[in-house]
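For reference, the chains in residue letters:
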Amino acid sequence: MNELLRRALYLPPQSSSIARGIDTLHYTVILTTLAGVTLAAAIAAVFLLRYRRRTPVIPLTPQVVAPTWLEVMVIGGLLGLFCLWWVIGFAQYREIQRPPADAIPIYVTAKQWMWKFAYPEGPTSSDVLAVPVGRPVKLIMTSRDVIHGFYVAEFRIKQDVVPGRALTAWFEAIEPGTFDILCTQYCGTRHSWMRAQIVALAPNDYARWLDAARAPLALPGAKGDGQGLAERGREVAAQRGCLRCHSVDGSPFIGPTWAQAFGHRRKTADGRDVLVDEAYLTESMMDPRAVIAAGFVPVMPSYQGVLSPAEAAAIVEYIRSLRDVRPVEPVPPPAGPIELPASGTRSSP
Amino acid sequence: VTPHPAPPSDAAPPDYLRAVPGIRSWLTTTDHKRIAIMFLVATTLALMLGGTFAMLLRTKLLTPEPGFIEPVTYNRLFTLHGVVMVFMFMVPAIPAVFGNFVLPMMLGAKDLAFPRINLASFYVYLSGAALTLWGMVHGGADTGWTFYAPYSTTSPTDVAPVAIGVFVLGVSSIMTGFNFIATTHMLRCRGLNWHSMPNFVWSLYATSVIQVIATPVLGLAVLLIALDHALHMGIFDPALGGDPVLFEHLFWFYSHPAVYIMILPAMGVIGEIVPTFAKKHQFSYRALAYSSLGIAFIGFLTWGHHLFVAGISQLDAAIFGVMSMFVAIFSAVKVFTWIGTLYRGSITFNTPMLYFFAFVYLFAFGGMTGIAVATTSLDVHWHDTYFVIAHFHFIMIGGTLTAFLGAIHYWFPKMFGRMYPERWGLVSAALVFAGFNLTFVPQFLLGNAGMPRRYYSYPARYQVLNVMSTLGAYLLGVALVLTLVYLLVSLRWGARAPANPWGSRSFEWRSPSPPPVHNFVTLFDPRQGPYAYDRPPPDEVPPVSA
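Chains as they are written, first to last, in the working numbering: chain Y, 1 to 349; chain G, 1 to 546.
Hint data in this document are derived by calculation from the structure and do not stem from the laboratory. Values in this document were obtained by computation on a predicted structure and should not be read as measured data. Hints should not be assumed to be uniformly reliable.
Distance ranges between label pairs, derived from CB positions [what the hints assert, rightly or not]:
no., chain 1, residue 1, chain 2, residue 2, range
1, G, Val72, Y, Cys83, 43 to 53 Å
2, Y, Leu60, G, Asp316, 34 to 44 Å
3, G, Arg286, Y, Cys83, 17 to 27 Å
4, Y, Leu39, G, Arg423, 28 to 38 Å
Far from chain Y by the CB rule (all over 12 Å, computed), these chain G residues [unchecked claim]:
no., residue
5, Val41
6, Tyr123
7, Leu475
Every residue, glycine too, gets a C-beta built ideally from N, C-alpha and C.
Let's have the full structure, built from the sequences with the hints guiding it.
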């Protein structure tokens with residue numbers, strides 16, 4: 001039944017873990033729509049035939065007012081049905097929006113008119129995204145120029161990719177294969193050619209591919225020189241002066257420490273409680289005054305236009321890699337006056 | 001205010017078409033009927049222009065590979081198609097043409113409350129249209145009619161004239177809107193209270209409220225785009241510290257209610273056609289009237305459903321989703337009431353009724369697919385694909401254009417004093433319906449299959465459905481040209497129309513066809529209402545001598 005309806009409606013194969021559930025709602029909504037509209041049109045057609053004028057003289061017609069019970073039934077029934085779809089659809093939407101905790105992060109940068117992918121292990125690729133089957137993959141996406149749209153029809157996922165922001169999407173491929181990534185947000189002359197591919201590989205193949213992709217990075221002089229993305233982030237953070245204000249070992253400084261920050265909740269100056277994630281970190285780099293961490297003075301300048309999206313992603317990955325660093329215990333200042341050794345009492349030979 | 005009394009002589013007053021001859025008298029007229037005719041000419045030209053662009057786009061899409069036009073040209077053409085159709089045809093079509101013509105007559109008034117502002121709104125419309133089209137010829141914006149930043153603020157093409165042209169068109173729309181509101185409040189004739197106004201007036205009133213409240217936000221947004229593009233002010237461009245999603249919010253704050261600006265008058269037309277040809281009082285007058293207001297107000301709270309994949313919060317998505325479900329209920333109430341009106345009527349089946357039948361089917365299906373795309377998880381798959389294009393065109397063509405065609409046939413005798421040929425009318429209405437379905441049903445399936453909108457070149461697997469859609473578009477085009485031809489022929493050679501060829505009880509039919517300059521020669525008693533088909537027609541009040 002699923003296969004029949006899927007083909008009848010020209011839907012692509014269901015290749016992600018969420019696709020089947022979404023299609024089931026799709027069938028329900030569309031079939032109900034067709035049935036309801038056909039019923040309405042059929043009633044109208046029956047009335048047109050049954051009550052057509054048979055005499056040349058215009059007769060008087062009774063004034064029939066819709067009975068309240070009928071109106072309440074129609075409105076209540078439809079509203080109930082619509083709200084039911086809304087509840088189911090929204091539950092699915094939350095699932096689409098919330099990546100599982102164990103998802104593999106991959107950084108995506110869109111620009112006119114190509115897609116670039118960066119893996120935490122170091123490799124990068126253009127226009128081909130290799131992923132393992134059976135494991136959730138979380139995409140952390142940003143754009144270098146205008147808004148693009150990341151769309152994989154077989155996975156039933158889509159996310160606008162907005163410059164200056166990091167937005168996430170996730171999927172879990174359930175079968176090996178090659179799937180088109182299409183740009184859905186109009187982005188200029190070559191918009192319709194801004195296509196890339198996802199290659200979903202069996203876990204073993206994926207591990208082999210990843211090793212092969214990392215091999216050239218280990219060669220001396222290669223870009224990144226065998227570094228992972230986090231390592232590159234550490235370098236960028238040092239070059240750009242981030243570490244002049246942010247510590248990486250938990251010690252207090254001008255800005256909040258990066259140790260044990262990612263994935264934790266943080267108090268803000270205006271009393272809210274925010275989750276430190278990719279979106280928060282990217283926003284803090286690009287628009288530092290949007291959210292101020294409690295206890296800190298807003299002195300950080302914006303890095304909008306200074307950091308490239310790839311550099312921002314590398315820094316985020318670096319901060320992520322510090323999520324489990326045990327912060328050093330701040331040494332309590334000693335109580336009482338510090339006793340300095342008295343001068344001039346050196347024993348001299 | 002009472003209608004103008006008849007002149008003391010026995011001679012009938014000259015009709016508005018012939019009262020003062022000469023092209024100059026037309027261009028400087030403040031007669032709402034003449035302004036309506038000028039708007040009819042202008043919007044029909046806009047429809048032909050926008051339709052021509054659509055034909056070029058569809059012709060390109062016959063093949064997946066690059067075709068007879070360049071990608072930039074294609075992008076400019078779909079921008080033009082959208083801008084011309086939305087801002088120059090759909091928004092003004094029914095209010096500025098049929099609203100202008102019949103609203104004062106339905107209220108028993110001699111004209112709109114501000115006749116000169118009405119004329120000014122026409123020239124403002126022409127200026128906006130001229131500026132937009134000049135901008136298109138001169139630089140040619142390629143942003144799409146949605147002007148999304150930061151593409152629109154950094155596009156190499158010339159965006160500013162088009163954006164400012166849209167701003168000026170918006171001013172015209174606001175002028176029409178508040179003129180209608182003032183007229184409805186101030187110029188109802190003696191004895192005509194709110195609940196005995198024809199239904200079309202309620203629709204126009206609700207439309208006008210949206211026009212007056214929402215259009216300034218569009219004006220603001222497109223003006224900021226023009227400034228951002230010309231002066232790099234960094235309002236929406238994140239490279240300069242701006243926020244592109246803010247533009248999406250501002251744009252849809254207007255443009256979603258704008259969909260109701262385009263469809264509410266169409267619903268009003270249907271609300272007139274059905275009682276007239278069913279010879280029947282509406283199934284529920286108040287349900288039709290209040291649902292128009294409901295759409296106007298709830299319609300302001302649904303814009304965020306265009307942003308489900310733009311990165312809005314889940315709470316926002318939840319609220320905008322459920323509000324979209326609520327607004328659909330009002331439309332459902334209307335469909336229910338129109339169909340109920342047929343029950344136990346005495347129905348004549350002719351061209352306007354065929355358009356009514358097409359409207360019910362297409363609008364109901366288009367509306368239900370609106371529910372589908374408002375279901376958040378389903379929208380993730382459909383967003384920015386041809387499914388949304390098909391949904392939108394079901395409402396805009398299946399709804400508004402169908403009602404526009406219904407309206408032109410329905411009021412043609414009143415406006416021009418001639419009848420249209422019924423047989424040709426039925427044939428072309430059937431062709432419009434067939435061509436429409438062949439064009440847009442395949443687009444629903446293309447959207448399901450995952451073809452994104454605004455694609456110059458597409459993967460080859462989508463070709464079969466694209467070819468079907470293009471053939472449907474050609475059929476639709478032929479049907480529309482056929483309609484235009486026989487209507488133009490009828491202007492001169494059609495049979496003379498009596499004052500009330502349909503036997504309608506609505507007020508505009510109580511004047512001769514075509515009406516005299518001041519609309520009525522006799523007073524009428526509006527207290528029976530415009531739909532009293534259960535009683536004999538009221539005796540006309542004898543003319544008051546001067």
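We went through each hint and held it up to the structure:
1. Taking 43 to 53 Å as the suggested C-beta distance range, the pair G:Val72 and Y:Cys83 conforms, at roughly 45 Å.
2. Between Y:Leu60 and G:Asp316, the C-beta spacing of about 53 Å breaks the proposed range 34 to 44 Å.
3. The hinted window of 17 to 27 Å between G:Arg286 and Y:Cys83 holds, with their beta carbons roughly 24 Å apart.
4. Checked against the hint of 28 to 38 Å, the pair Y:Leu39 and G:Arg423 passes, with Cβ atoms roughly 31 Å apart.
5. With 12 Å as the threshold on Cβ separation, the claim that G:Val41 sits away from chain Y holds: the shortest Cβ distance comes to roughly 33 Å.
6. Annotated as non-interface, G:Tyr123 keeps its C-beta farther than 12 Å from every C-beta of chain Y; the closest such distance is 33 Å.
7. The non-interface label for G:Leu475 is consistent with chain Y: the shortest C-beta to C-beta separation is roughly 21 Å, beyond 12 Å.
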